[in-house]
Structures are given as C-alpha cells and as structure tokens.
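Could you put together the complete structure from these sequences and hints?
UniProt numbering numbers the first residue of the sequence shown as 1 and each following residue consecutively.
No wet-lab data here; the hints were simulated from the structure. Since we're looking at a predicted model, the values are computed, not measured. For every residue, glycine included, the Cβ atom is placed at its ideal position computed from N, Cα and C. Take the hints with a grain of salt, since some may be wrong.
[Unchecked claim] When the alpha-carbon atoms are kept at most 27 Å apart in a straight line, the in silico DSSO-like pairs for lysine-lysine are as follows:
hint, residue 1, residue 2
1, Lys229, Lys335
2, Lys488, Lys570
3, Lys335, Lys146
[To be verified] Between beta-carbon pairs, the in silico distance windows are:
hint, residue 1, residue 2, range
4, Gly546, Ser330, 47 to 53 Å
5, Arg215, Ser607, 55 to 61 Å
6, Ala250, Gln47, 46 to 52 Å
7, Arg618, Gly337, 58 to 64 Å
8, Ala39, Glu592, 58 to 64 Å
9, Pro535, Glu159, 58 to 64 Å
10, Asp52, Glu159, 21 to 27 Å
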Amino acid sequence: MTVSQALIEFLAHQYTVDGDVRERTIVGTFGIFGHGNVAGIGQALKQLSVEDPTLMPYHQARNEQGMVHESVAFSRMRRRRSTFACTASVGPGATNMLTGAALATINRLPVLLLPSDTFATRVADPVLQQLELPNDASISVNDAFKPLSRFFDRVQRPEQLFSAAIGALRVLTDPVETGAVTLCLPEDVQAQALDVPVEFLADREWQIRRPRPDRGVINQVVRAVREAKRPLIVAGGGVIYSDAAAALAAFVELTGIPVSTSQAGVGSLLWDHPQSLGAVGATGTTAANRIARDADLIIGIGTRYSDFTTGSRTAFQHTGVRFININVASFDAIKHGAAISVVADAREALLELNASIGRYRIDAEFADRIRLEKAEWNAVVDAAIAPSGRPLPSQSEIIGAVQQASDPRDVVVCAAGSLPGDLHKLWRVRDELGYHVEYGFSCMGYEIAGGIGVRRAAPDRDSIVMVGDGSYLMMHTEIVSAVAEGLKFIIVLVQNHGYASIGHLSDTVGSQRYGTQYRFQDKDRNSFETNATLPIDLAANAQSLGISVIRVEPGANVIADLAAAVATAKASATATLIHINSDPLLFSPDTEGWWDVPVAEVSALDSTKQARADYVARQQNQRSYLGD
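Below is the structure:
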C-alpha cells in the first residue's frame with residue numbers, strides 16, 4: 001500500500017469507547033486537493049470510494065479553515081468522541097488551516113490535520129509554494145503548526161507512519177491532551193509504497209479516560225462546602241463534554257448551591273432550573289454577577305477561567321474567597337491558587353460528591369436572595385426581547401424572536417462579534433446541547449462552517465446560525481458545501497453595516513468607532529466614519545451561492561416577520577438564510593460585568609482621556625486570586 005492508502009484505511013478502523021458508547025473516531029475526511037495531496041491522500045480516498053464507499057466518507061470544502069471549523073463543531077456536539085480528518089495541499093492550503101488549529105487547541109476539541117509538505121527527498125527543491133530559509137533547510141510552512149498543535153509529527157519515511165498514526169490517535173482521544181493533531185505528509189512520501197501489517201489496519205478501540213477523584217480530596221471538598229455561607233458553582237465546557245449535566249443537577253438540588261456558566265458551559269443547567277443563574281463574568285447576568293461578587297467559595301467545574309468568565313479577575317470580590325477547581329486537566333485545576341484542586345472527570349467527581357455531601361444545604365436567606373436575583377434578571381430579559389415596534393430592531397429583540405420560533409432541541413450557533421455576548425446573557429437554553437458558541441478563540445468566520453458541523457453531528461436537530469455581517473463576510477463560502485450535500489441548516493444574518501461589537505468597544509476606550517463601519521472612504525479625513533453606507537446586498541450574495549433566502553424588511557412588524565421566517569425555514573427541507581437589518585446602537589442590558597481592554601495612557605482626544613479615567617477606576621477592583 002502507499003502511505004496514504006495505509007493511513008486512510010487505518011483511520012477508518014479507529015473507534016472511541018466512552019462507557020457504553022462506541023463510535024467512529026474519524027467519521028470522514030474533508031479535503032481540498034492540490035499538487036501536494038492529489039496523488040497521495042486524494043488517490044487513496046478515490047480508491048477506497050471505489051472499493052468500499054462507506055468506509056471513509058469524503059466531503060468537499062471551499063476553504064481549508066472552514067473544514068477545520070466544521071470538524072471542531074461536529075466534535076463538540078459529539079462530546080469529543082468523534083471528529084474528522086482534514087487534508088490540504090502544500091503551502092497556502094496547509095497554512096489556511098492554522099486558524100482552525102488554534103481554535104481547536106484553545107477549545108480543547110479534537111481534529112486531525114493532514115497538511116501536505118514539500119519533498120522529503122528534496123529531489124526538486126525548491127518546489128512550488130515551498131518556504132526557503134537560508135539558515136534552516138529543514139523548516140517548512142508546516143512548522144507553524146507546532147505551537148498550535150497538541151501533537152505534531154512529520155512522516156519523512158514510510159515506515160514512520162505506524163508510530164505517527166498511533167500517537168495521533170492517542171492524543172485525539174485523551175480528554176486532557178486533546179486539540180489539534182497534525183501529521184505533516186511530504187508529497188513524495190504520500191505516494192510511496194510500504195508493506196503494511198494487517199494488525200495496523202484492524203479495528204482498534206480507544207477508551208476515553210474518566211478518572212475518579214481521590215477519596216481524601218473529596219472529603220476536603222465536602223468540608224469546604226459545608227463551611228461555606230455563599231458558595232457558587234462556575235460550570236464550564238467540561239460539564240458538557242463529560243456528560244455531567246444530570247449529576248450537576250442532582251448536586252445542586254441536594255445542596256441548593258447556585259450555578260453560573262461560562263460560554264462553553266451553557267446548557268450545564270437549563271435556564272429555568274431554580275439554581276440556574278445563567279452566564280457569569282463580562283457577559284454575565286446580573287443574577288450571576290451579584291452572587292459571584294459576594295461568594296465566599298467558588299466551585300469551578302470543567303472551566304479554564306477565561307478573562308470573560310472572571311470579568312478580568314473582578315467578578316469575585318469577597319475578601320476571603322476560595323476556589324475549588326474540578327478539572328480533568330491539572331493545568332486548569334490549579335488556577336487562581338485553588339484551595340482544593342480536584343484532578344478528575346467532572347461527572348465522576350460530581351457523583352462522588354452526591355454520595356458524600358450528606359445533609360448540607362445553603363441557608364434560607366441565601367436561597368431567598370438567589371430567587372430574587374433570578375426573578376429580577378428574568379424580568380430584565382423579558383423587557384429586552386419584547387418587540388418594540390421600531391423598524392430597525394435591537395439585537396436583543398432579534399434573539400428573542402429566534403428563541404420564540406425555535407424548538408427546545410434546536411442548537412443556536414455563534415462565535416464572534418456582539419452576538420455571543422448578547423446570547424450569553426439572553427438565550428434561554430432548554431437543552432444541554434442547545435447552545436453552541438465558540439468563544440475560546442471567538443473566531444470570525446466560524447459560524448456558518450460550525451453550523452454545518454452541528455447539523456452533521458445531530459441531523460435530528462435544527463442548527464440555527466446567528467451571524468453578523470462582519471463575520472459573514474469573513475467566511476460564507478461553506479454555504480456551497482451545505483447546498484452540494486443537501487444539508488439543512490438555518491442562518492440568521494444580522495446586517496448592521498459594520499463591526500458592531502468592536503464599534504461599541506471602540507466607543508468605551510475613547511476611539512469613537514474608528515474603522516468599524518461599512519461606509520465609503522473619506523479620503524480627506526482618512527476615515528470611514530462620515531460618508532454614505534456601502535450598498536452591500538448580502539442576501540443577494542447568499543442567494544447566488546444556492547441557498548434559499550428570506551428577506552425580513554424593516555417595519556413595525558419586523559420581529560413578528562422574523563419569527564415567521566424562522567418558522568418557515570424550520571419547515572423547509574433545505575438550507576435557508578434569513579436576512580434582517582438591525583440598529584447597532586441599541587444595546588443589550590448592562591449586567592455589571594467588566595472586561596479589561598487597556599486604554600491609551602496619554603491622548604489628545606477628550607474621549608480617550610475620559611475612557612482612561614474610567615479604566616483606571618475599574619482596575620482597582622482586580623484581584624490576584626492567588627489563594628488570598
């Protein structure tokens with residue numbers, strides 16, 4: 001067999017086992033072919049499609065970054081048990097996957113990258129698209145994957161394939177180490193032949209590790225919880241990935257401890273559960289942020305504590321606040337000088353706590369405050385999402401209309417701009433897998449590819465992508481892939497003629513929305529702030545790609561029309577894009593959170609001077625969280 005043929009057939013026989021669940025580890029291969037991989041991986045996929053079309057499904061993509069995003073979204077919906085392989089050609093095809101690699105690794109989600117590389121023999125140096133460095137002839141553009149990958153190897157000789165492939169699968173299926181896994185394949189080696197042991201091509205099972213916590217550590221946790229007066233749980237993506245939602249619900253129903261969530265943790269507890277306070281931190285709810293401010297014990301479960309979750313270390317203000325961190329990765333379990341670090345699977349740890357916590361329950365006064373804060377925030381949301389009758393609605397109203405028209409098991413998908421923050425506050429999640437917002441990397445362009453990946457992973461659910469015009473323009477080409485395969489998903493494209501999120505942030509740091517609006521250039525003033533809005537028709541653009549389009553026109557009934565459009569899209573058997581205009585200057589409710597974005601220390605602009613004064617004042621609330 002050639003190296004490529006052996007690798008593709010090997011991948012087709014890998015299985016992930018998670019308790020009673022057994023599924024394909026690599027469910028298919030995405031590929032865009034060029035001179036670097038058409039005769040290697042491309043030929044292997046073609047040959048296998050003739051011999052056994054079901055063994056390794058192949059999917060076209062329109063952008064290499066997009067196919068990685070789609071694979072990552074699929075993996076997240078499958079709780080990291082399955083993913084795709086992605087093959088790209090030498091040079092720009094390979095480097096186009098770098099952004100996707102970073103996203104996968106930051107979010108701790110598995111994806112297998114197979115970038116082609118230049119000739120191992122160097123028989124024709126320099127080949128087309130080869131990077132040449134006079135000081136190091138061994139470096140290619142693929143070395144850029146090294147800091148972005150959890151596992152990296154380059155198969156320079158055919159016989160290296162065996163150890164490289166097995167090493168790659170080990171990392172892909174390890175909940176601690178997983179992320180982007182990169183196997184660089186020189187274009188000549190891909191096509192070279194070798195004798196392949198039948199054992200290499202046999203079915204192989206990879207058990208996902210679910211480590212249980214140390215008994216003594218659990219006893220420490222129980223003592224700390226019983227001593228706490230105002231404990232708060234911060235639930236992260238680890239709760240979702242370890243399928244721990246039921247165990248979390250049981251724990252908080254036993255104890256009354258309230259739950260807040262990071263972006264990745266939304267769905268850990270459904271919005272209407274009595275102990276659910278919603279999002280915490282910079283884009284949190286007032287309910288969660290107020291309880292967090294006074295909490296004396298923070299129990300982090302499966303969270304990596306990004307600056308949005310901690311409000312740039314201003315969210316937890318109690319002078320004696322302590323942290324208990326439960327995480328499968330010791331790297332995350334020790335963060336913020338954790339008083340108790342529990343290195344264990346989230347579900348296993350919660351099951352142990354449920355069996356050990358005894359009769360502990362929060363006191364009546366704290367329970368009353370939780371109910372009051374939750375009720376107050378729910379009223380704020382009700383008012384924010386209610387139709388106003390304005391011809392150009394707020395983003396909050398748009399979210400409310402989409403929520404109203406969706407079903408509980410539908411999955412809302414987003415990644416960048418102002419929508420993730422507003423969704424974090426306002427979306428009322430009704431299913432533990434119903435909220436899919438990529439906010440580890442917050443990558444513009446993820447949304448549409450991610451929405452397709454969600455649909456692939458869960459064909460019995462509607463995938464509803466909410467995306468702004470800025471992110472749509474970054475990467476909308478995967479619409480063509482969905483049309484080609486007849487994949488149904490729904491896009492709600494919010495047109496606000498610019499970068500609404502950074503426009504608002506620009507205002508808060510004193511930069512007056514500079515460079516954030518889609519307008520004709522004012523050459524005399526060197527700006528895009530004063531001239532007419534660009535005549536962009538993104539609905540027409542989408543329609544040209546083959547997707548059905550519904551235009552929701554401005555007017556008094558715009559929100560009702562949007563809800564009707566979502567209902568129409570849900571009833572359709574094919575992909576649909578809904579286009580709606582919004583007013584970017586109508587903001588979602590303030591939630592008393594903060595995000596540290598430095599402001600210029602000196603400036604000639606009065607707006608920047610005022611922003612700097614506000615910034616310095618907010619900095620005073622930052623804490624070290626080093627066990628103090």
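Hints, verified against the model:
no. : hint                        : verdict
1   : Lys229 / Lys335             : 22 Å, holds
2   : Lys488 / Lys570             : 9 Å, holds
3   : Lys335 / Lys146             : 25 Å, holds
4   : Gly546 / Ser330: 47 to 53 Å : 48 Å, holds
5   : Arg215 / Ser607: 55 to 61 Å : 58 Å, holds
6   : Ala250 / Gln47: 46 to 52 Å  : 51 Å, holds
7   : Arg618 / Gly337: 58 to 64 Å : 23 Å, violated
8   : Ala39 / Glu592: 58 to 64 Å  : 59 Å, holds
9   : Pro535 / Glu159: 58 to 64 Å : 59 Å, holds
10  : Asp52 / Glu159: 21 to 27 Å  : 26 Å, holds
Hint 7 from the earlier list is the only one contradicted by this structure; the remaining hints agree with it.
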